[in-house]
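Protein chains: 2
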Amino acid sequence: MKTPRLRRSPAVAFQGERGAFSEQAVRQLLGPSAAVLPCVRFEDIFRNLKQGSVAGAMVPIENTLAGSVHENYDHLLHFELPIVAETSVRIVHNLIAPKGVGFRQIKRVYSHPVALNQCLDFFLANPQIERIPYYDTAGSAKMVVEEGLTDAGAIASAVAAEIYGAHILRRSIESDRQNFTRFFLLRTPAYAKRHPLRAPAGTVWKTSLVFSTRNIPGALFRALSAFALRDLNCTKIESRPLRGKPYEYLFYLDFLGHVDHPHSRNALHHLEEVADFLRVLGCYPKGA
Amino acid sequence: MKTPRLRRSPAVAFQGERGAFSEQAVRQLLGPSAAVLPCVRFEDIFRNLKQGSVAGAMVPIENTLAGSVHENYDHLLHFELPIVAETSVRIVHNLIAPKGVGFRQIKRVYSHPVALNQCLDFFLANPQIERIPYYDTAGSAKMVVEEGLTDAGAIASAVAAEIYGAHILRRSIESDRQNFTRFFLLRTPAYAKRHPLRAPAGTVWKTSLVFSTRNIPGALFRALSAFALRDLNCTKIESRPLRGKPYEYLFYLDFLGHVDHPHSRNALHHLEEVADFLRVLGCYPKGA
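First to last, the protein sequences are chains H and Z.
Numbers -11 to 276, taken from this note's numbering, label the letters of the first sequence in order.
Numbers -11 to 276, taken from this note's numbering, label the letters of the second sequence in order.
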């Protein structure tokens, strides 16, 4: 895993092929020249960061159409790697083909089933084109280029088209433009300590945490009161099953506030009183 | 879809092959002779009930290890079919083989990847046995019997063993016994009206609903106050993305109480005041 390149330029791990929307999230947060390490499974990116093989991990946490990526909530709890940034990527699906292939030649389009389903209007308007499910969006762009297909395209990001030297035949063919994925950038605790976040005055901060409540009536209401009574805005709450306690839950919560601000500190103190378990997962500038 | 058998004995649709844990849920609620209609996808069972091809649908809604079945929450909202009962099935995984095949002959075991993963202790203790992912637990039992395999087994429910005439080589090989799936029984609104639920005095009732709040600080806290201020116990809350409003959410909530009880009526009235949208999905006796 530790190639000389990785040592020279610490990479950020993400799940998927080069050109995945996760890579676009890396570019949004760290610039176009950030080194990346594509991984097969979500667990691999957490493990790579935990072991220090990479300097960061880019983790999709929720999509505005499909909902939360629940597996990654579980990994956040298990691996204890701090969230240091968030960013939201608009999911723009493009019809991509090898250079020299024109739109009229396209008989088949490969992509991840979710991406194919998100372009239903395009397929309704182009019934001559067959949809073929593939394991990955960026992977489908890679495949049509590497195989040199002359009658097939892929649905993937603009970054994928650039990386695989394909061209974009139709831009933004997704049916619903309100399609965003929110990503967390994770670092190791040591890295986060060496590189404390600096943000301009006026930055809005967000804190992510996970807690469980005692299994009593009104427990979640009491937990949320820690924030509501201090006018702290909770932007997201997600429940996950608590292992070993059937039909009890862990709650993942994001609120606007910096852990070091007095209101937030008091809220966390209050939450500790009413929670069985509480852990802060990270404090980072609110993304655009 | 409407076979003579279905007309004689109105069937309950479920997702998966005969012998799936959903069929066990049907038996728990409706007895061992209830007619069933296996369907390929979750959407199919909702559609079949909506169209009146079946008299009921058995829908898994959450598992105590894997979490909520989010797709089915979305279908509950979309199809508007009332929940009339719930039941919890303990997920007991059994090693199943065609009759005449003994444990020592087993070289390979087929099952759904989730089931294989839930029996890791068994595979650690039996390293000679290869795990092979298959599309369905009950389907793997069906396949090893139909193919007459003499060196392979399946991991599935006891109901699957019975249905396919297989035998159980090892009972309850799951690593974690705290593995339950909660199911909803849905009916058509007309059927639910013709057959009002009767339950003995002292029955504890549960109500399921879905709501969205205005996107203001403390909105969820205010919504939960409708229940907390009346000592009504919320047993589950689940958030799902609100289509067209990125990073806003729908909340699915279960609480203990009958919609016709004064406290519950007042709570729903209170919730309506603070919610943008509210719909009751069902009111049913709390399952064991």
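It is possible that some hints are incorrect.
[To be verified] Simulated pairs of lysine to aspartate or glutamate, DMTMM-like, Cα-Cα distance not exceeding 20 angstroms:
(1) H/Lys274 to Z/Glu236
(2) Z/Lys274 to H/Asp248
(3) H/Lys38 to H/Glu59
(4) H/Lys87 to H/Glu134
(5) Z/Lys224 to H/Glu134
Because the hints were derived from the structure by calculation, they are not lab data.
Note that the structure is a prediction, hence the values are computed from the model and not measured.
Run the distance test for Z/Lys224 versus H/Glu134: straight-line Cα separation, threshold 20 angstroms.
49 angstroms, violated
Pair hint outcome, H/Lys38 versus H/Glu59 [Cα-Cα no greater than 20 angstroms]
17 angstroms, holds
Between Z/Lys274 and H/Asp248, is the straight-line Cα distance small enough, at 20 angstroms or below?
44 angstroms, violated
H/Lys87 paired with H/Glu134 [C-alpha distance capped at 20 angstroms]:
The given pair, whose Cα atoms are some 11 angstroms apart, holds under the 20 angstroms limit.
Satisfaction of hint between Z/Glu236 and H/Lys274, Cα-Cα up to 20 angstroms
16 angstroms, holds
The earlier numbered hints that this structure contradicts are 2 and 5.
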